[in-house]
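Using the sequences and the hints given, assemble the complete structure.
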Amino acid sequence: MTARDDMLARIRAALADHPATPTVPREYHRTLPDADVVGLFAERVADYRATVRRVSPAGLPGAIAEALRGRVVVPAGLPPEWLAAADVEPLHDDPPLSVQELDGADGVVSGCAVAIALTGTIILDGGTAQGRRALTLLPDHHLCVVRADQIVGTVAEALTRLDPSRPQTWISGPSATSDIELNRVEGVHGPRNLAVLIVS
Amino acid sequence: MRVGLFVTCFNDTLFPQVGRATVSVLERLGVRVEFPEAQTCCGQMHFNSGYRPECVPLVRRFADVFAGYEAVVTPSASCAAMVRHYHHVVDPAVAVPKVYELCEYLIDVLNVTDVGAHFPHTVAFHATCHSQRLLHIGDRPRRLLEAVDGLDLRPLAHPAECCGFGGTFSVKNPDTSTAMGIDKVADIRGTGAEVLASADTSCLMHIGGLMSRQGNPMRILHLAEILAATK
Amino acid sequence: MSHPTFLGMPPFPEAAKEALANTQQRANLAKATATIRDKRARAVAEMPDWEHLRLAGAAVKDTVLTRLPELLEQLEERVTAAGGVVHWAADAAQANAIVADIVKAHDGREVVKVKSMATQEIELNNALAAHGIDVWETDLAELIVQLGHDLPSHILVPAIHRNRSEIRDIFVEEMGKVGRPAPDGIGDEPAALAEAARLHLREKFLRAKVAVSGGNFAIAETGTVVVLESEGNGRMCLTLPQVLVTVLGIEKLLPTWADLEVFMQLLPRSSTAERMNPYTSMWTGVTPGDGPQEFHLVLLDNGRTGTLADPTGRQALRCIRCSACLNVCPVYERTGGRAYGSAYPGPIGAILTPQLRGINQHPVDAQTASLPFASSPCGACFEVCPVRIDIPDVLVHLRAKVVEHKRGHLGTEGAVMAAMRATFTSPRRLGAAQRLGALGARVVGRRGRLRLRGPFWISAWFGTRDLPAPPGQSFRAWWRKQHDRS
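Chains as they are written, first to last, in the numbering used here: chain V, 1 to 200; chain Z, 1001 to 1231; chain A, 2001 to 2486.
None of these hints come from the bench; they were simulated from the model.
Accuracy of the hints is not assured; some may be wrong.
[Unchecked claim] Think about it this way: if two alpha-carbon atoms lie no more than 20 Å apart in a straight line, the pair counts; the simulated SDA-like pairs of lysine to any residue are:
1. Lys1172/Z <-> Arg2207/A
2. Lys2481/A <-> Arg1084/Z
3. Lys2039/A <-> Arg1020/Z
4. Lys2481/A <-> Val2416/A
5. Lys1172/Z <-> Val2443/A
6. Lys2104/A <-> Lys2204/A
7. Lys1172/Z <-> Arg2451/A
8. Lys1098/Z <-> Glu1070/Z
9. Lys2177/A <-> Gly2132/A
10. Lys1172/Z <-> Pro2013/A
11. Lys1172/Z <-> Lys2204/A
12. Lys1172/Z <-> Val2416/A
13. Lys1172/Z <-> Leu2452/A
14. Lys2209/A <-> Asp103/V
15. Lys1098/Z <-> Arg1084/Z
16. Lys1231/Z <-> Glu1027/Z
17. Lys2481/A <-> Arg1020/Z
18. Lys2204/A <-> Arg192/V
19. Lys1172/Z <-> Arg2164/A
20. Lys2039/A <-> Asn183/V
21. Lys2039/A <-> Ala1157/Z
22. Lys1172/Z <-> Leu2467/A
23. Lys2039/A <-> Arg184/V
24. Lys1172/Z <-> Lys2039/A
25. Lys1098/Z <-> Val1065/Z
26. Lys1098/Z <-> Arg1060/Z
27. Lys2017/A <-> Trp2457/A
28. Lys2039/A <-> Asp103/V
29. Lys2017/A <-> Arg1084/Z
30. Lys1172/Z <-> Gly2132/A
31. Lys2017/A <-> Gly2463/A
32. Lys2104/A <-> Arg2207/A
33. Lys2406/A <-> Val1056/Z
34. Lys2031/A <-> Arg184/V
35. Lys1172/Z <-> Lys2177/A
36. Lys2039/A <-> Gly2431/A
37. Lys2406/A <-> His2362/A
38. Lys2039/A <-> Arg192/V
Values in this document were obtained by computation on a predicted structure and should not be read as measured data.
See below:
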């Protein structure tokens, strides 16, 4: 008998009293009707001490240029016009950048899959303009472009837009710890600077 | 109105004045109070300490003693909670009598907040864990006290904190129990009140015991004693 | 390097006594728990549907428990289809052996580790050390605990018993022995200490071949594992190494992807008291070109099936390890976590640890048996538990188990309880005892006060407290004599 068989048999024996499976009451809020999701998102991300700017599509390249310097990782599928005005040395991930190259980069620019207003969260799932997870992890500065139509109100809504088979990173502010006397310190291992451009 | 009084084993033995005060308040409000002498204990101490079989005769006795009463009133939230929440766990077959804690009976059944009491003193009120979290007694004690003529109620800084009594916890974990109680005493003294009151003498025994040992006891009364006080 | 263990710790009353005397720790804990308590209250107050979320959370977790066999099989099938390998570990020894074998198969001499309660529970670090494998904790607090050769004292902020100057001293002393030393002349401002940790761990992240993690949730429907964190060390461990091993308690499942809509709201607000924690990683099996190319999921029993077997006690398995109960517990606040002598301290520890150690099936050692009594029980924990575990109810239930196991040798306590039962089953005996007590009080009482010396509970009470002397006349005597004059 394998450990698997043994464990499953024990679990079934433990449930010998046949407890009924409950009906799950779902009266919690799944949406934010009548909310200005773009405004709320901007506010909530700023609360995490990320830098947030709202720009028009025309103003986007200029805003990106202002925010980026040096050697910048550029994921596949990033719209070329985004870097049109930027004075950076682009690092493409093809062939894949080594861990040292990523660590030595000055920053990374990406898009996102979806963003959540209520919690100020940006979600990357490796899709267009996002790249594999290491690209947005190692550089110290992450500039993320979020389109207004990518912003939803709630976690529930975001989940319906995501494909669970794709590896995801949910980002709510720069990395932080409160482990030392409960004083919050930004920037431990993840990018210490998170800048968000909201395009609307 | 006719009620059966469940005075509780420790009030009966250590704080009979609480029983007397409870009777006095209820009778003043026109309630006929009966004390079935066959009563003893609700079984809380045994139950909370893990001695369940020992509770069975106590739970049955309670049900028998109070079988004829539409309402049982007790000046102890912890005992009321024991009966309401756990008697049927101890013995599912027993017909559990309807038990009210005193504040509940006064406000919910008699519809009174002003019981005609007079007590011109500053009072700090300790809201017990059982009354707040099991009985959800809410602001009933506060409303009753605020209606007492001359009474000045002083709020605690941390009213929801446990005092550390916890039944046998007080003797099985005496150091932790004492540490919690000392903080509660400091909070109470910090209000500057002359009198400490509560709706449960069990907690008062522990808080009062610490104060007495500190050499600076406050006057300690059960809520019923304050409500019984008149000009 | 061998790591400290909870084994051999004394029962709670003794351990608590020692912990209570540690004034530095008490001050740290009081400040920490008060701070997180208030933050949590504010985070929860923002959510008008918080109670609905709690009700849903409890029901989803109960669903997992009632359907556990089929959900585990579904999870295994989904993870395997996505290129992962699923292992089943009945106990700590099996789990540790599985992890050690995987590391050794890759010639690994070291692993980087994301904080995981499950791996603490099975004492993985010690097991790997015995195989000559270095384990590098990468959460800042776990790093502090590890470098300090210490034991964690809190589920969420394990180094909360340390203040900044102690942490600085630990870094200066110890970092150089296992890697990049702390910068010269480093101060004790939290930002400087965090920077030292960042530099020290960076090289380990970048070179490690194998990482070990736990998991907050595993979705049966999709095979997705979810890890919440704040610092980025999780992302490092979960993304950079070639091999990832995740140790997961079998109860940490959710049925569907959509169920995350409940738990991604309950957990952050209950634990770090934020709207959302900085980083959450989610992955399914292996994704070519992104992250580890070899993924192992170790499903851990280690007493969970024994816990599941108890209809009242099994609700402890709903736990999502948020630590909200710790932060509101007046006992935990004063004693800290190590006094509980287990990986899980505080209220949840008091009900989970005894069950994992088998209290539902057989007698347990004195230390484990003391845990259900390490509570007043005030009920504050139940109020904040995001999955509505009725901890006070389970505590009382487990106390009955302890007494049941000890029948026949309950000692002095049993004698006292028997005597009181005998007294309470007879009003006549109660009256006699009252008269005896009043008589005795006249002898030993002083100014209406009792201060006794004696064994057992007598010294436990009177060590720090007085008692009012039993008055001359009990209530029932008064009633009979004065009231019922008909």
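Status of the hints after comparison with the structure:
1. Lys1172/Z <-> Arg2207/A: violated (52 Å)
2. Lys2481/A <-> Arg1084/Z: Answer violated: Lys2481/A to Arg1084/Z is near 31 Å, above 20 Å.
3. Lys2039/A <-> Arg1020/Z: violated (45 Å)
4. Lys2481/A <-> Val2416/A: Roughly 31 Å between the alpha carbons, so the hint for Lys2481/A and Val2416/A is violated.
5. Lys1172/Z <-> Val2443/A: violated (27 Å)
6. Lys2104/A <-> Lys2204/A: holds (18 Å)
7. Lys1172/Z <-> Arg2451/A: Judged against 20 Å, a Cα distance of about 18 Å means the pair holds.
8. Lys1098/Z <-> Glu1070/Z: holds (7 Å)
9. Lys2177/A <-> Gly2132/A: Roughly 16 Å separates the two Cα atoms, so the pair holds.
10. Lys1172/Z <-> Pro2013/A: Given pair Lys1172/Z, Pro2013/A holds - Cα atoms ~7 Å apart, limit 20 Å.
11. Lys1172/Z <-> Lys2204/A: Given pair Lys1172/Z, Lys2204/A is violated - Cα atoms ~47 Å apart, limit 20 Å.
12. Lys1172/Z <-> Val2416/A: OK: Lys1172/Z and Val2416/A at ~13 Å, within 20 Å.
13. Lys1172/Z <-> Leu2452/A: This hinted pair holds, its Cα atoms lying about 17 Å apart.
14. Lys2209/A <-> Asp103/V: Within the cut-off at roughly 17 Å; holds.
15. Lys1098/Z <-> Arg1084/Z: Given that 20 Å is the threshold and the Cα spacing comes to 8 Å, the pair holds.
16. Lys1231/Z <-> Glu1027/Z: holds (17 Å)
17. Lys2481/A <-> Arg1020/Z: Between Lys2481/A and Arg1020/Z the Cα gap is close to 13 Å, so the pair holds against 20 Å.
18. Lys2204/A <-> Arg192/V: Distance ~19 Å between Lys2204/A and Arg192/V Cα, so the pair holds.
19. Lys1172/Z <-> Arg2164/A: Distance ~35 Å between Lys1172/Z and Arg2164/A Cα, so the pair is violated.
20. Lys2039/A <-> Asn183/V: holds (13 Å)
21. Lys2039/A <-> Ala1157/Z: holds (18 Å)
22. Lys1172/Z <-> Leu2467/A: holds (17 Å)
23. Lys2039/A <-> Arg184/V: Holds, at roughly 13 Å.
24. Lys1172/Z <-> Lys2039/A: It is violated: about 33 Å lies between the C-alpha atoms, which goes past 20 Å.
25. Lys1098/Z <-> Val1065/Z: Holds, because 12 Å separates the two Cα atoms, which is no more than 20 Å.
26. Lys1098/Z <-> Arg1060/Z: holds (14 Å)
27. Lys2017/A <-> Trp2457/A: Roughly 16 Å separates the two Cα atoms, so the pair holds.
28. Lys2039/A <-> Asp103/V: violated (35 Å)
29. Lys2017/A <-> Arg1084/Z: violated (35 Å)
30. Lys1172/Z <-> Gly2132/A: Violated: Lys1172/Z and Gly2132/A sit about 43 Å apart, past 20 Å.
31. Lys2017/A <-> Gly2463/A: Since the Cα atoms of Lys2017/A and Gly2463/A sit roughly 13 Å apart, the hinted pair holds (cutoff 20 Å).
32. Lys2104/A <-> Arg2207/A: holds (16 Å)
33. Lys2406/A <-> Val1056/Z: It holds: about 19 Å lies between the C-alpha atoms, which stays within 20 Å.
34. Lys2031/A <-> Arg184/V: Between Lys2031/A and Arg184/V the Cα gap is close to 14 Å, so the pair holds against 20 Å.
35. Lys1172/Z <-> Lys2177/A: violated (44 Å)
36. Lys2039/A <-> Gly2431/A: Measuring from Cα to Cα gives roughly 52 Å; hence the hint is violated.
37. Lys2406/A <-> His2362/A: Holds: Lys2406/A and His2362/A sit about 10 Å apart, inside 20 Å.
38. Lys2039/A <-> Arg192/V: Measuring from Cα to Cα gives roughly 23 Å; hence the hint is violated.
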